[in-house]
Every structure is written in C-alpha cells, then in structure tokens.
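Engineer: Read off the chains here:
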Amino acid sequence: MAEFNALTALAGGLMIGIAAGAMLLLLGRIAGVSGMSAQALGLSRGATSRGIAAAFIIGLPLGATLPTMVIKAPAITVTTSVPLLIAGGLLVGFGTRLGNGCTSGHGVCGMARLSRRSIAATASFMAAGFVTVFVLRHLLEMPL
Amino acid sequence: MTVRMFVALAIGALFGAGLALSAMIDPARVLGFLDLAGRWDPTLAFVMGGALVPSFIAYRWLRAIDKPALADDFAVPETAPIDRRLIVGAVMFGVGWGLVGFCPGPALAALLIGGWPVLVFVAALVVGMIVHDRMWVRAA
Numbered sequence: 001m002a003e004f005n006a007l008t009a010l011a012g013g014l015m016i017g018i019a020a021g022a023m024l025l026l027l028g029r030i031a032g033v034s035g036m037s038a039q040a041l042g043l044s045r046g047a048t049s050r051g052i053a054a055a056f057i058i059g060l061p062l063g064a065t066l067p068t069m070v071i072k073a074p075a076i077t078v079t080t081s082v083p084l085l086i087a088g089g090l091l092v093g094f095g096t097r098l099g100n101g102c103t104s105g106h107g108v109c110g111m112a113r114l115s116r117r118s119i120a121a122t123a124s125f126m127a128a129g130f131v132t133v134f135v136l137r138h139l140l141e142m143p144l
Numbered sequence: 001m002t003v004r005m006f007v008a009l010a011i012g013a014l015f016g017a018g019l020a021l022s023a024m025i026d027p028a029r030v031l032g033f034l035d036l037a038g039r040w041d042p043t044l045a046f047v048m049g050g051a052l053v054p055s056f057i058a059y060r061w062l063r064a065i066d067k068p069a070l071a072d073d074f075a076v077p078e079t080a081p082i083d084r085r086l087i088v089g090a091v092m093f094g095v096g097w098g099l100v101g102f103c104p105g106p107a108l109a110a111l112l113i114g115g116w117p118v119l120v121f122v123a124a125l126v127v128g129m130i131v132h133d134r135m136w137v138r139a140a
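Chains as they are written, first to last, in UniProt numbering: chain A, 1 to 144; chain R, 1 to 140.
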C-alpha cells in the first residue's frame, strides 16, 4: 500500500466537506449517504425527493472515476473473505438505518452542526470499528 | 432532468471524487486507521478533519439565510435525545465497518472501479437496509 499522503487526504476531505456544504446551502439537505441511499431505493419517504437522492447517489461512483483519469487508479484492496464481506454489508446496511446515519451524515454533517446525537453516533461506530479490527487482527490474528 | 437533480449529481460527483482522491475508497487504508494496535494509518483523520472545515462553515452560514438557493426549505433534523436505537445502530454499523473497511459512501463510490467484492458488499448493504426498513420497522 502506498504511503500516507497528507496532501491528498486533506484535499479529498475538503472536496467532501464542500460537497456536504453545497448540499446544505443549495438544496437544503444533509449529505448523508445511507439516508440518501434509502430514499433513492424508495425505502423511506424522507425530506429529499427520490430523484435528487438518486442523482446524488449516482454521482458518487461517477465522480470517483475522475481522479483515476487525472492522477492514477486508486487502489481498492478488499482482503475480507466473502462470508465476512456479506456479514459486513448486512451490518452496515441495517446499522446505518437503525442509527439514522453513517460516516457522512453523522460524521461529516452532524458533527459539523454539533449535534449531540451525531457526536454520540460517531464515537460509537468509531469505537466499534477499533474494537472489531483489534479482535480480528490481534486476537484472532486474521490476515485482514 | 431538473436543475436540482443535476446539482445533486454534481455534488455527488464531487463527494465521490474526494473519496477517491483521499484514498478512502480503499478499505485497506480505512482498516489501517481502525487498527490502533498495528501500523496506524492517519489518512482518515486528515480526511475527516479536512471535510469538517467547509461543512462546519456551511452549517454556521445556515443561520444567516432563510432558505437554500435552489430549494424551498432546509431539512435539518431537530435536536432529539440520544436513544438506544441510535447507539445500537451505530455499533452495528461500526462492527460491519471494521470487518470490511467500507462504509456506505466509499462502497458506492468504488462501484465502477472496485470489482466484484464491492458488488457483493453493496448488495449485502442494500439487503441490510431493506431488512431494516421493510421488515424490522414494520414488525416493531
């Protein structure tokens, strides 16, 4: 894996934050990917219209190809076995719906507006992520 | 396609480009951040920090304007108490995140360039959402 690059990390982060800010100031909505996904899928009738939610979601993979063309193909290394990949997807899907948000909605948007719920949620999923990786890599010694 | 939908598409594309540029669409890097006891990778902290600056400014700005430029109202959640649902959901999400290194944004952003494991994860993610919204919530 390539070395840590503070410049691309900060630049990419700024782009994400500007996108979240634009979603708020232009369209009046929270740029939460799990919530927008559910609305695009027609699962929940939230404040965002299905067309706007779907357009935002479709933009994500299209935009991700842009740095690939300008700089170089970003590495995507999935080392998780298929059963755990499926378990992880199910947990992320169910959990973000139950907890009303993910890294974008709670982490980037909710924390920026100093929502106590979002700060609590972000602390909880970060802690759960730290513990899960510790258990898998250091207690079970799985090559993750 | 309406102007609002085009703007939403462009915002999604900017978001996705940011995720790709910052390497957050690489689960190995996210797991490196979550691995405090291993060779810790600070990338995610820099990305989150970088994202919070413009996002914070935008949410301050919100107080000074009546309505968004292209919509009729702001849909920002009211302050609600921290309940068990929130914490249980966040913990389930965090466990799944730690198993794979993908959260919803990066997984969707990686759809076109990540190959079959991304498709498998996203399919399971959608099933998890459907199970929650269509079965769990209805049953409750």
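Just to be clear, a hint being listed does not mean it is correct.
As the list claims (entries may be wrong) - To be clear about the criterion: a stretch of chain A counts as covered by chain R if any three or more of its residues have a C-beta under 8 Å from a C-beta of chain R, and this derived list gives those stretches:
1) 9–22
2) 31–43
3) 79–91
4) 100–112
5) 121–128
6) 131–141
Hints were generated in silico from the structure; no laboratory data involved.
Ideal placement from N, C-alpha and C gives every residue a C-beta, glycine not left out.
Engineer: All hints are to be evaluated individually against the structure, with a verdict given for each.
Structural biologist: Okay, the hints, checked on the actual structure:
1. 9–22: holds (count 14)
2. 31–43: That given contact holds, which follows from 7 residues of the segment 31–43 of chain A lying within Cβ reach (below 8 Å) of chain R.
3. 79–91: As far as the segment 79–91 of chain A goes, the hint holds, because 11 residues have Cβ atoms under 8 Å from chain R.
4. 100–112: holds (count 10)
5. 121–128: Holds: 7 residues of the segment 121–128 of chain A have a Cβ under 8 Å from chain R.
6. 131–141: holds (count 7)
Going through the hint list in order, the structure satisfies each hint without exception.
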